[in-house]
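Participant: For the protein sequence lines, the chains are W and E, in the order given.
The first sequence runs 1 to 264 under the numbering used here.
The second sequence runs 1 to 294 under the numbering used here.
The reader is advised that the hints may include incorrect statements.
Stated by the list, open to error - With a cut-off of at most 25 Å between alpha-carbon atoms, the simulated DSS-like pairs for lysine-lysine come out as follows:
#: 1; chain 1: W; residue 1: K128; chain 2: E; residue 2: K18
#: 2; chain 1: E; residue 1: K170; chain 2: E; residue 2: K222
#: 3; chain 1: E; residue 1: K178; chain 2: W; residue 2: K128
Stated by the list, open to error - Okay, the calculated beta carbon distance ranges per label pair:
#: 4; chain 1: W; residue 1: S42; chain 2: E; residue 2: A159; range: 51 to 57 Å
#: 5; chain 1: W; residue 1: K129; chain 2: E; residue 2: G291; range: 46 to 52 Å
#: 6; chain 1: E; residue 1: N225; chain 2: W; residue 2: E209; range: 45 to 51 Å
#: 7; chain 1: W; residue 1: L184; chain 2: E; residue 2: N225; range: 43 to 49 Å
In short, the hints are calculated from the structure, not lab data.
Cβ coordinates follow ideal geometry from the N, Cα and C atoms, glycine included.
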Amino acid sequence: MDSKNLALIVRRHILNMVNNSGGSHIASSLSIVDIVTTLYSSVIHYDINNPYCENRDRFILSKGHACAPVYATLAELGFFSISDLELYGRNNSVLMNHISHKVPGVEFSTGALGHGLPFGVGKSMAAKKLNKSWRTYVLLSDGELDEGSNWEAFMFAAHHKLKNLTAIIDYNKLQSLDTVEKTLNLEPLIDKFESFGWNVTIIDGHDHENLALELNKTHDYKPRVIIAHTTKGKGVSFMENKVEWHYKTPNKEELEIALQEQKM
Amino acid sequence: MRNTFIEELVDLARVNKKIALIVGDLGYKVVESFAEEFPDRFINAGVAEQNMTGLAAGMASEGFHVFTYSIANFPTYRCAEQIRNDIDYHNLPVTIVSVGGGLSYGNLGYSHHAVQDYALIRSMPNMLIASPGDPMETRACIRYLVNNPQPSYLRLGKAGEPNFHKEVPKVEPGFFLKVSEVGLIDKCIISTGATLGLAHEWSQHQDFKDYTIYSMPLWGMKYKNFQENKLKQYASVMTLEDHLFDGGFGSWMLESVYRNINKAITLNCKALSSDICGMVGSQEFLNRIGGIKP
Numbered sequence: 001m002d003s004k005n006l007a008l009i010v011r012r013h014i015l016n017m018v019n020n021s022g023g024s025h026i027a028s029s030l031s032i033v034d035i036v037t038t039l040y041s042s043v044i045h046y047d048i049n050n051p052y053c054e055n056r057d058r059f060i061l062s063k064g065h066a067c068a069p070v071y072a073t074l075a076e077l078g079f080f081s082i083s084d085l086e087l088y089g090r091n092n093s094v095l096m097n098h099i100s101h102k103v104p105g106v107e108f109s110t111g112a113l114g115h116g117l118p119f120g121v122g123k124s125m126a127a128k129k130l131n132k133s134w135r136t137y138v139l140l141s142d143g144e145l146d147e148g149s150n151w152e153a154f155m156f157a158a159h160h161k162l163k164n165l166t167a168i169i170d171y172n173k174l175q176s177l178d179t180v181e182k183t184l185n186l187e188p189l190i191d192k193f194e195s196f197g198w199n200v201t202i203i204d205g206h207d208h209e210n211l212a213l214e215l216n217k218t219h220d221y222k223p224r225v226i227i228a229h230t231t232k233g234k235g236v237s238f239m240e241n242k243v244e245w246h247y248k249t250p251n252k253e254e255l256e257i258a259l260q261e262q263k264m
Numbered sequence: 001m002r003n004t005f006i007e008e009l010v011d012l013a014r015v016n017k018k019i020a021l022i023v024g025d026l027g028y029k030v031v032e033s034f035a036e037e038f039p040d041r042f043i044n045a046g047v048a049e050q051n052m053t054g055l056a057a058g059m060a061s062e063g064f065h066v067f068t069y070s071i072a073n074f075p076t077y078r079c080a081e082q083i084r085n086d087i088d089y090h091n092l093p094v095t096i097v098s099v100g101g102g103l104s105y106g107n108l109g110y111s112h113h114a115v116q117d118y119a120l121i122r123s124m125p126n127m128l129i130a131s132p133g134d135p136m137e138t139r140a141c142i143r144y145l146v147n148n149p150q151p152s153y154l155r156l157g158k159a160g161e162p163n164f165h166k167e168v169p170k171v172e173p174g175f176f177l178k179v180s181e182v183g184l185i186d187k188c189i190i191s192t193g194a195t196l197g198l199a200h201e202w203s204q205h206q207d208f209k210d211y212t213i214y215s216m217p218l219w220g221m222k223y224k225n226f227q228e229n230k231l232k233q234y235a236s237v238m239t240l241e242d243h244l245f246d247g248g249f250g251s252w253m254l255e256s257v258y259r260n261i262n263k264a265i266t267l268n269c270k271a272l273s274s275d276i277c278g279m280v281g282s283q284e285f286l287n288r289i290g291g292i293k294p
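Same shape as in the complex, but just chain W (with noise of 0.2 Å):
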């Protein structure tokens, strides 16, 4: 499937399954429905059969809360059944509201912050070592790299001239409670993943066209970080930018009206 058109489905799944289910994160996991759709369209090797096959391209979802645009997609491309979205944050369901690895296509659960570079690091590492040729994407929010585990990770990445390894960050400038710039400023950014040895691009992060293009780029020997400038809450009119859209869940009226937006 085209990714656009993944991602208006992957956008109604996510109103849905956050309405559904009385959960949170809802602008969050509409802010990074572009870059996860573009990269199971165009980017990462997977066999839907084979879950778990060797030569998978491995993501790690490190800002675990947006979960439900991951699922939406596995589901939509056959890892799951599409039905089984509706158990999303049910008692006892593996569709946590955070990230799982207990669903099918999952690499790793995530949940707190500063885990996930830690981890895919290891995973290129391994890669490298094992002298194989699959790749790893960590997918970090940016209000995450207030977390000092990200900068270990960051260091040591380069260090190792870890070249199979793409962190990409999404970029919407929105935080827990107020923006980035207020809570901890974290520019100049390009120039601190430069500083720190890593292969640096910027990208708007809703435009597929070109986070294709840039996702399967590689460089010689340095590991690439995409700063994705996103908008949280993207692709519904009132959660755009908003900080209560971080916790709020859409009642049936508002429902409506988002799923009403989700046109092409």
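Knowing the structure of chain W, use the given hints to seat chain E on it.
Facilitator: Okay, now just chain E, sitting in the frame of chain W:
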């Protein structure tokens, strides 16, 4: 113990090509033999324990059995959440190795006193604690862990501990390993970790004279439930550890018999008093102040 550890690990790594060692910039005059023989499987992660532990979990998820190595509380408390979420929850074969268990680094201050590590590790459902009592048990534990890769914590003393076994014993998680050849049938001391030497001292003490000495080098949450059956065989049991009482080995044993709280199992838990927190001194001095050395 630390020298035995590296000797044994090098021996096993010659056969098992998936064994990797990641150190947190520690291990001077200890880890060199591994690093020189297996440079592709040795990493110095730098002074960055959170990344070291996440990295280890990532490599373990791709088939390596990773040993992380540091001292005292650095490979445990600094990266507690990585152990909990990345290793234990995902059930990955990472063995966290800490040298300097208990008060081995007594003079170096509170930062270096590993006296709460059992409490942290034994609260995690998949973690196996390996706390050998002498170099022979150290070999036995490492062999067990390599043959049974799983989330695990290997707690070592420092160097120069005497051997209490004549050969490498057979070890199983949660089992009492007999150490003294003779002793009372119905009274025993059960020690975990490097306090095995102190257990011999206690067995000379008038209150615990001739108690049979056992060691429990492998234990953890999964193995608690069947302790009660073993304990029932004794009229009096003393547990011994160089860890605070709270969350330690003795309290683990007590939890195993809580259903029999009114029955006749007498458990005497020798564990460190919190009086030693913040004190410095030799290991011997602090162990005496802490109440675990007669």
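Participant: So, for every hint listed, does it hold in this structure?
Facilitator: How the hints compare with the structure:
1. K128(W) with K18(E): 14 Å, holds
2. K170(E) with K222(E): 19 Å, holds
3. K178(E) with K128(W): Distance ~45 Å between K178(E) and K128(W) Cα, so the pair is violated.
4. S42(W) with A159(E): 51 to 57 Å: 56 Å, holds
5. K129(W) with G291(E): 46 to 52 Å: Between K129(W) and G291(E), where Cβ atoms are some 47 Å apart, the hint holds.
6. N225(E) with E209(W): 45 to 51 Å: Roughly 59 Å apart at Cβ, these two residues miss the hinted range, so it is violated.
7. L184(W) with N225(E): 43 to 49 Å: 46 Å, holds
In this structure, the hints that do not hold are numbers 3, 6, in rising order.
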